[in-house]
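Colleague: Given the sequences, and given the hints that come with them, work out the whole structure.
All you need for this note's numbering is the position in the sequence shown, starting with 1, plus 12.
Hints are computed from structural coordinates only; laboratory data are not their basis.
One should not assume that every hint holds.
Claimed, not checked - Here are the in silico distance ranges between beta carbons for each label pair:
1) 181 - 107: 27 to 33 Å
2) 649 - 508: 15 to 21 Å
3) 288 - 207: 29 to 35 Å
Keep in mind the model is a prediction, meaning the values are calculated, not measured.
Yeah, the Cβ is synthetic: ideal placement off N, Cα and C, and Gly gets one too.
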Amino acid sequence: MSPHVPAPRRFRHRLLTLLGGVLLAGSATAQAPATDTLTAQRTAFRQAWTSATQQGGNGWRALATNLRDYPLYPYLPAAALEHDIRQVDLPTVQAYLKQYPELIPAQDLRRNFLEELARRKDWQGFRTLYQPGINLTLTCDALQAKLADGTALNFQQDLAALWQHASLPNACDPVLQAAHDQGLLTDARLWARIDRAFDADKGGTVAALAGWLPDDQRQTALKLAQALRDPAAAATAAAQWPDTVRLRQAAATALQRLARRAPDTANTDWQTLQHHFHFSSAQRNAIRHAVVLFRATDFEPDSLSQLIALPAAAQSDATREWRVRVALAQQDWRAVLAGIEAMPAEQQNDDEWRYFRARALTELGHADTAQPLFQSLAGQATYFGFLAADRIGAPYAICPLQPTIDPQREPALLAMPGLQRAFELYAVDLPRRARREWSRALAGADAATRALAADLANRRGWYDRAVFTFSHGDMLHYYDLRFPLARQDGLVAQADEAGIDPAWAYGILRAESAWMTDAHSGADARGLMQLLPDTAAGVAKRNGLAWGGGDTLYDPAVNIALGTRHLAELDARFGDAPWLASAAYNAGSAKVKQWLGARGSLTPDVFVATIPYKETREYVARVMAFSVIYDWRLHGKVLPMSARMPAFVDPPDGQPQPAASPAAHAARKTVDCPASETPAPATSAPAGATSARQGKP
Numbered sequence: 013m014s015p016h017v018p019a020p021r022r023f024r025h026r027l028l029t030l031l032g033g034v035l036l037a038g039s040a041t042a043q044a045p046a047t048d049t050l051t052a053q054r055t056a057f058r059q060a061w062t063s064a065t066q067q068g069g070n071g072w073r074a075l076a077t078n079l080r081d082y083p084l085y086p087y088l089p090a091a092a093l094e095h096d097i098r099q100v101d102l103p104t105v106q107a108y109l110k111q112y113p114e115l116i117p118a119q120d121l122r123r124n125f126l127e128e129l130a131r132r133k134d135w136q137g138f139r140t141l142y143q144p145g146i147n148l149t150l151t152c153d154a155l156q157a158k159l160a161d162g163t164a165l166n167f168q169q170d171l172a173a174l175w176q177h178a179s180l181p182n183a184c185d186p187v188l189q190a191a192h193d194q195g196l197l198t199d200a201r202l203w204a205r206i207d208r209a210f211d212a213d214k215g216g217t218v219a220a221l222a223g224w225l226p227d228d229q230r231q232t233a234l235k236l237a238q239a240l241r242d243p244a245a246a247a248t249a250a251a252q253w254p255d256t257v258r259l260r261q262a263a264a265t266a267l268q269r270l271a272r273r274a275p276d277t278a279n280t281d282w283q284t285l286q287h288h289f290h291f292s293s294a295q296r297n298a299i300r301h302a303v304v305l306f307r308a309t310d311f312e313p314d315s316l317s318q319l320i321a322l323p324a325a326a327q328s329d330a331t332r333e334w335r336v337r338v339a340l341a342q343q344d345w346r347a348v349l350a351g352i353e354a355m356p357a358e359q360q361n362d363d364e365w366r367y368f369r370a371r372a373l374t375e376l377g378h379a380d381t382a383q384p385l386f387q388s389l390a391g392q393a394t395y396f397g398f399l400a401a402d403r404i405g406a407p408y409a410i411c412p413l414q415p416t417i418d419p420q421r422e423p424a425l426l427a428m429p430g431l432q433r434a435f436e437l438y439a440v441d442l443p444r445r446a447r448r449e450w451s452r453a454l455a456g457a458d459a460a461t462r463a464l465a466a467d468l469a470n471r472r473g474w475y476d477r478a479v480f481t482f483s484h485g486d487m488l489h490y491y492d493l494r495f496p497l498a499r500q501d502g503l504v505a506q507a508d509e510a511g512i513d514p515a516w517a518y519g520i521l522r523a524e525s526a527w528m529t530d531a532h533s534g535a536d537a538r539g540l541m542q543l544l545p546d547t548a549a550g551v552a553k554r555n556g557l558a559w560g561g562g563d564t565l566y567d568p569a570v571n572i573a574l575g576t577r578h579l580a581e582l583d584a585r586f587g588d589a590p591w592l593a594s595a596a597y598n599a600g601s602a603k604v605k606q607w608l609g610a611r612g613s614l615t616p617d618v619f620v621a622t623i624p625y626k627e628t629r630e631y632v633a634r635v636m637a638f639s640v641i642y643d644w645r646l647h648g649k650v651l652p653m654s655a656r657m658p659a660f661v662d663p664p665d666g667q668p669q670p671a672a673s674p675a676a677h678a679a680r681k682t683v684d685c686p687a688s689e690t691p692a693p694a695t696s697a698p699a700g701a702t703s704a705r706q707g708k709p
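Modeller: Right, here's the structure in full:
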């Protein structure tokens with residue numbers, strides 16, 4: 013394969029146009045169009061959609077003459093109206109809403125046009141179109157319409173519900189000002205909302221409301237806001253504050269927040285403030301908890317003794333687990349075992365602590381006692397299960413299942429207009445809108461219906477639906493559906509060309525985006541492998557690959573070509589250790605180098621357990637486990653976890669070395685499904701999944 017990235021394209025288009033015309037394109041009772049007709053309709057829709065969204069007006073209609081019976085036709089006039097929303101009039105919008113009252117585009121158009129009417133101060137038109145409960149902005153716009161009529165506000169009727177929110181949109185500012193001017197915002201009401209906002213960490217709301225309080229009370233509220241917004245300054249200034257109930261809480265909160273980023277500074281301030289304020293026992297415990305916990309995540313030398321000495325009332329699952337992590341970092345196996353035994357039974361039963369109990373017992377010379385623990389874990393297709401299997405030389409236990417699908421139900425499901433629209437939106441590369449239609453169409457559906465829909469989506473190349481549907485219990489064994497190979501996207505070839513293990517690249521992709529091609533993070537990471545545009549541009553330049561800008565990262569071919577090269581660069585930087593490269597992919601190379609400088613001599617399993625960031629710890633474990641499962645899907649036999657997690661060795665002279673695929677030089681391991689471990693058929697299908705966000709502990 014050429015090292016240059018092909019021109020941007022969407023592999024789903026190629027996939028989907030090869031499928032038979034199984035989707036019903038007309039009404040719920042219409043026959044599915046022939047493949048050629050459906051392909052032509054999709055092509056025409058894309059052209060009309062581009063015209064409607066980019067030009068507005070009526071030009072799109074000439075491109076949509078044969079789309080009247082196409083499920084997505086209603087999206088076109090709505091898109092044109094959205095484009096022209098600054099000029100469109102109320103009767104035109106009302107006509108659309110009357111024709112398509114239940115569709116998502118109508119819902120969006122109503123909301124957006126109401127916001128436009130509020131911008132125009134067309135309160136009469138606003139009242140005509142308004143429906144309660146759309147969002148808080150429009151709720152406040154409706155109150156502005158009421159004020160425009162000269163009607164006074166009633167706190168219980170108009171504001172009581174809004175007052176329960178810790179923060180409100182800007183559209184509410186004029187309403188709140190009017191309420192204040194009418195004398196509705198009494199000191200008691202202001203303090204009730206300030207306290208609620210403080211508890212919800214909304215310092216901006218606290219500061220804004222402070223302006224309506226009398227002078228003596230305003231200063232107290234501003235100190236509360238400072239505790240949230242600038243805890244370092246608040247903790248320093250608190251030594252001069254009077255000892256009142258609210259300022260006591262402000263000081264306690266400032267110390268707890270400061271401990272997250274500067275635990276030693278917080279500890280110093282605590283030594284002063286604990287004698288200045290009459291903190292409650294709960295406040296003292298919360299402060300000590302935060303200081304000790306976050307000093308532990310920095311692995312301060314006295315962290316272990318402080319964690320052990322922490323009073324029971326100040327402990328939490330987090331402090332108990334960090335007692336073990338610090339002991340692991342110190343390779344104090346007796347302290348590891350003691351820390352695990354100090355946990356509640358439920359916490360001890362977590363796979364991580366079962367694994368490290370067995371590790372501690374082994375290190376302390378009790379291998380016979382550790383063996384049954386490793387054997388129990390080795391029956392699971394998880395990170396700790398694979399680690400345990402390697403410890404005792406057992407095969408990996410991967411026990412696949414397939415969902416029970418009733419093909420006779422397929423026609424009825426495919427006849428659902430909402431699901432038709434969802435599948436078609438995905439086929440024409442509008443995945444975000446497709447997911448909305450999917451969620452609405454299947455709201456309240458039973459597990460069997462959701463499973464069938466996810467299977468249908470998977471057959472059409474819409475892989476993330478199965479990933480999110482089969483996310484719990486025995487459904488986790490639906491490996492074919494949860495870990496698609498999708499060879500059409502070129503990942504295997506690109507990984508081979510980059511010199512990395514394709515199974516690892518698949519594991520990264522699966523952990524990053526769950527196969528959502530349009531995934532976009534708050535940090536601006538994009539596409540299947542969640543690349544930042546600046547990172548991708550640098551990778552493209554260093555590898556001689558084409559680069560067309562950040563939006564091309566939503567093209568799977570571009571994203572995968574650049575993502576595999578980025579992985580190869582990280583792998584070379586970290587001595588051909590995919591587990592460390594995975595950590596760097598998530599947390600950044602600088603952080604991983606910092607952790608290696610402090611604890612680089614630890615064995616890989618222990619090092620991962622001492623990563624300060626919860627997200628990165630779990631990410632590395634998830635990617636390594638996913639890599640094993642993808643390796644099994646690709647080859648049957650798998651590269652052992654121990655080969656994926658070699659001890660770190662500094663590259664010669666600190667210079668990155670070319671990445672080398674571990675599959676080229678490592679013996680593979682057998683996979684088995686012990687009869688006793690064979691799972692029972694799944695009976696339920698939760699709709700979604702969650703992911704952790706970056707941060708300690």
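Colleague: Verify the CB-CB distance for residue 649 and residue 508 against the hinted window 15 to 21 Å.
Modeller: With Cβ atoms ~18 Å apart, the hint holds.
Colleague: Could you say whether the range 29 to 35 Å given as a hint is met by the Cβ separation of residue 288 and residue 207?
Modeller: violated (22 Å)
Colleague: Please check whether residue 181 and residue 107 have a Cβ separation lying inside 27 to 33 Å.
Modeller: Check passed, 29 Å falls within 27 to 33 Å.
In terms of the numbered hints stated before, the structure departs from hint 3 and from no other.
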